[in-house]
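Visitor: This is what each chain is made of:
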Amino acid sequence: MTDTYTRLIRTAPGRFLAKRAGLPNPPKLARVDDRPGAVLGPVVVLGASAGADQVAQILLAWGADVRRRFDGLSRVGSVVVVLDEIEHPGAIGEIVLPLAGAMRSLAPGARIVTISRPATGSGESLSREAARGGVEGLVRSLGHEVRKGATANGILAADGVALDAPGVQGALRFLLSARSAFIDGQFLAVSTSEGELPGDWDRPLAGRTALITGAARGIGAAIARTFSSLGAQLVLLDIPASGTDLARISNELRATPLQLDVTAPDAPERVIAFLRERGIVLDALVLNAGITKDKLFANMTPERWDPVIAVNIASQLALVETLLGTQGEGAAADGSAVVGTPVISSALRIVSLASTSGIAGNRGQTNYATSKAGVIAFVDALADRLDGTGMTANAVAPGFIETEMTARIPALQREIARRVNSLQQGGQPLDVAEAIGFLSSAPAGGIRGETLRVCGQNIVGK
Amino acid sequence: MAEAPAQKQSPQNSQSAKPLAQKSLRDAVVLGGNRIPFARAGGAYAGISNQDMLTATLEGLVARFGLQEELVGEVAGGAVLKLASDLNLTRESVLGTPLDARTPAIDISKACATGLETVVHISNRIQLGQIDSGIACGVDSASDSPIEVTPRLRRLLHRLNSAKTALDRAKVLTALRPSDLAPVPPANAEARTGMSMGEHQAITADAWGITRQAQDELALASHQNLAAAYDRGFLDDLVTGYRGLGRDQNLRADSSLEKLGKLKPVFGVKNPAIAEPTMTAGNSTPLTDGASSVLISTREWADQHGFAPLARVVDTRVAAVDFVHGEEGLLMAPAYAVPELLDANGLALADVDLWEIHEAFASTVLATLAAWESEEFCREKLGRDGALGAIDRATLNVTGSSLAAGHPFAATGGRIVATLAKLLHERARETGRVQRGVISVCAAGGQGTVALLESDGK
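If you read the protein sequences in the order shown, they are chains A and B.
Be aware that the first sequence starts at 1, since it is given in the working numbering, and climbs by one per residue.
Be aware that the second sequence starts at 1, since it is given in the working numbering, and climbs by one per residue.
If you want the footprint, here are the derived chain B segments under chain A, 3+ residues with CB under 8 Å:
#1 55-66
#2 232-242
Some chain B residues well away from chain A (every beta-carbon gap over 12 Å; in silico):
#3 H158
#4 T193
#5 Q304
Don't read these hints as lab results, they were simulated from the structure.
This one's a predicted model, so the numbers in the text were calculated from it and none came from an experiment.
Backbone N, C-alpha and C define an ideal beta-carbon position, used for all residues, glycine too.
Just need the whole structure built from these sequences, with the hints factored in.
Guide: Here it is as structure tokens:
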């Protein structure tokens with residue numbers, strides 16, 4: 001999708017004018033094709049805890065140029081601030097302040113990642129809670145301050161989760177990489193040590209099969225392409241009216257197309273029958289199918305309200321309930337029966353699409369925001385339901401993403417919407433896809449019930 | 001050209017002493033199909049070319065069967081309303097798909113029977129051992145049909161092109177009259193009678209005494225059967241949505257005899273010989289845009305690729321009638337071809353489990369059935385001892401036909417073949433018995449093509 005303003009200011013006269021007029025100057029964000037390496041070096045690991053040493057060792061093993069001080073560095077690619085043992089807000093400055101002097105040395109597209117423990121709300125140690133909570137303000141402010149496409153994000157490793165746990169390693173690698181280009185000022189919480197390290201970090205979905213709903217176009221098609229490049233086998237679902245687009249992306253990725261309206265009463269049964277017929281077992285389920293029917297609430301009608309709820313959240317509830325209901329069903333003793341064979345693996349990753357509208361609300365989107373806020377609560381509850389099964393559920397909340405859908409927003413409104421974030425631009429469907437790819441991978445097993453914003457640190461909500 | 005590799009060189013003289021062995025016939029089996037929903041002319045596909053639609057249909061087939069980079073033996077396709085620039089329509093469409101770019105293609109044309117004839121062509125090639133797999137397909141756009149210039153203008157333009165001097169060119173241009181510039185749309189009329197197909201059929205319907213009520217009932221059944229087929233998911237693996245259409249645009253699931261009964265007759269109204277015209281827009285097929293395709297192969301090819309054959313193409317027949325001199329109705333050729341097909345395979349009407357009689361008009365189907373029930377017709381026209389008999393109407397067009405789906409001329413054959421193959425397979429599985437189905441397609445020019453399919457459900 002075209003962002004005319006951004007194209008303009010990337011020309012010499014445009015840049016000059018924008019600078020003189022004090023207009024936004026959105027940086028060009030490097031994606032994984034621009035920067036395939038996991039870590040932009042040199043990477044400086046701050047912190048004196050055993051966890052900090054552990055993190056430095058992990059980064060070394062990934063082949064990164066690892067430093068423990070900024071001494072003599074004129075250019076810094078990444079900074080990992082390890083704050084896992086802080087017991088008092090007063091302890092933060094000592095660890096983090098060396099970064100202050102290096103802020104101006106951060107390379108374009110640099111990464112700052114903090115690793116700390118989440119506030120628990122326990123009254124046991126007030127100073128520890130205050131210290132842990134304080135990290136949030138630090139990271140979100142750094143997100144606003146960093147420039148030239150750099151980002152600042154944090155990992156919250158629950159107490160008892162070692163810093164080399166698969167979830168922490170996976171989150172760290174994801175946040176340091178160019179795959180997190182449009183994620184800024186956010187936290188990824190790793191609540192358990194579950195998950196596995198992938199055989200190949202560049203193809204973490206190799207040997208895994210994913211079903212993606214709403215895959216014919218836009219973000220869904222981007223998810224399909226990303227999953228394919230990460231090694232996944234795909235079943236791509238969309239409504240029959242989008243059948244040819246679905247066929248085309250299926251041909252491109254050698255995926256299996258499934259035309260189905262997810263709101264049909266028998267849709268879950270049809271999905272299961274389809275999977276069983278082909279002997280497909282899902283390792284990942286991406287609930288991306290979604291629609292908007294915007295209208296001010298004063299003009300809202302059932303024709304605009306009901307389909308949005310039906311597609312965006314009710315269909316997800318039905319499909320997930322039915323799929324989980326197949327757990328425990330087995331093949332007949334003689335092995336011949338098709339009915340009852342498993343269609344989901346015991347390490348299923350469910351990722352649903354929420355939205356920043358579901359977090360902060362949005363004028364004209366009461367129906368959409370209701371559905372998306374529902375998704376956020378749904379994955380949280382679903383993760384709880386899946387506790388101990390090896391399966392997880394999470395959501396991704398895109399902010400302003402350049403798609404056919406957002407291209408239909410009136411021009412002025414669209415221009416404002418895409419600038420009001422720390423990166424001063426709309427994200428690409430690829431950015432959403434990368435986040436979902438990570439949450440669907442084996443290392444993400446310890447990330448449960450989270451909603452990860454992919455919004456460039458949009459000013460709305462948290 | 002490089003030298004052929006040594007191992008491919010023909011053996012010297014080793015076979016020259018005796019005639020080459022006759023190859024035995026192989027089974028041609030239908031593996032499935034794909035079509036786009038059919039749209040009413042000027043509707044959802046207005047402005048879309050035949051090549052776009054055919055390419056999309058083939059892409060859907062490739063996606064459904066995972067045929068990316070596959071070198072298929074041959075793709076046979078065609079269009080009835082075809083632009084002169086589309087001379088290689090099928091091959092050009094193939095090149096726009098993920099099929100191997102070395103896949104050969106052929107264009108075939110026989111009016112409304114084009115689609116079924118492409119199936120005949122591919123099946124014959126497979127049975128004869130010339131290819132192992134093939135795709136039969138067809139497309140038509142009534143919204144993007146060729147509009148030509150007048151013959152006079154065409155000749156003038158050719159003369160202009162060959163004129164050598166400015167003076168010669170000026171001479172040619174002075175011969176131009178305003179009337180030469182009027183565009184010439186494709187005529188919806190038989191060349192030898194000047195009558196439209198509907199006007200011809202109105203005579204046939206009248207001659208056989210086909211009532212308005214019977215025609216409306218057949219039209220209603222077509223809509224209801226197709227709607228029910230969509231609802232039960234029968235078309236999930238036969239249709240791929242296109243340009244916002246998920247179902248056929250002409251389908252009226254909520255149609256009723258009352259609604260159909262309110263429509264005014266449109267054919268036969270100006271014919272003084274017809275006292276009571278019966279053919280309306282509701283019981284005649286509308287002009288339609290769309291495309292369809294069928295994947296056919298040997299049993300071995302199907303097995304190697306992991307596909308279950310749906311049905312075998314057993315046999316086909318063609319016939320034509322003399323409608324020009326009024327000896328027979330324009331669309332009655334299948335009434336002759338089907339009995340011949342059944343006889344050749346030792347079958348009676350009752351041995352056929354499913355009938356697919358193309359609904360060009362409701363009265364076409366009804367006149368065909370009436371002819372088989374007629375002692376007179378069967379004795380005098382078919383030279384039989386007596387009437388062929390009546391078919392069980394519950395076995396006719398059980399998932400609807402052209403009245404509901406629409407009829408993009410060259411796409412109808414593929415729609416019917418894929419549908420019937422899937423139906424026969426489904427029923428053979430349910431009943432555990434071999435199921436046979438007959439397809440009957442009438443065509444302009446007084447022609448018809450018919451086919452016999454069979455499934456053992458395995």
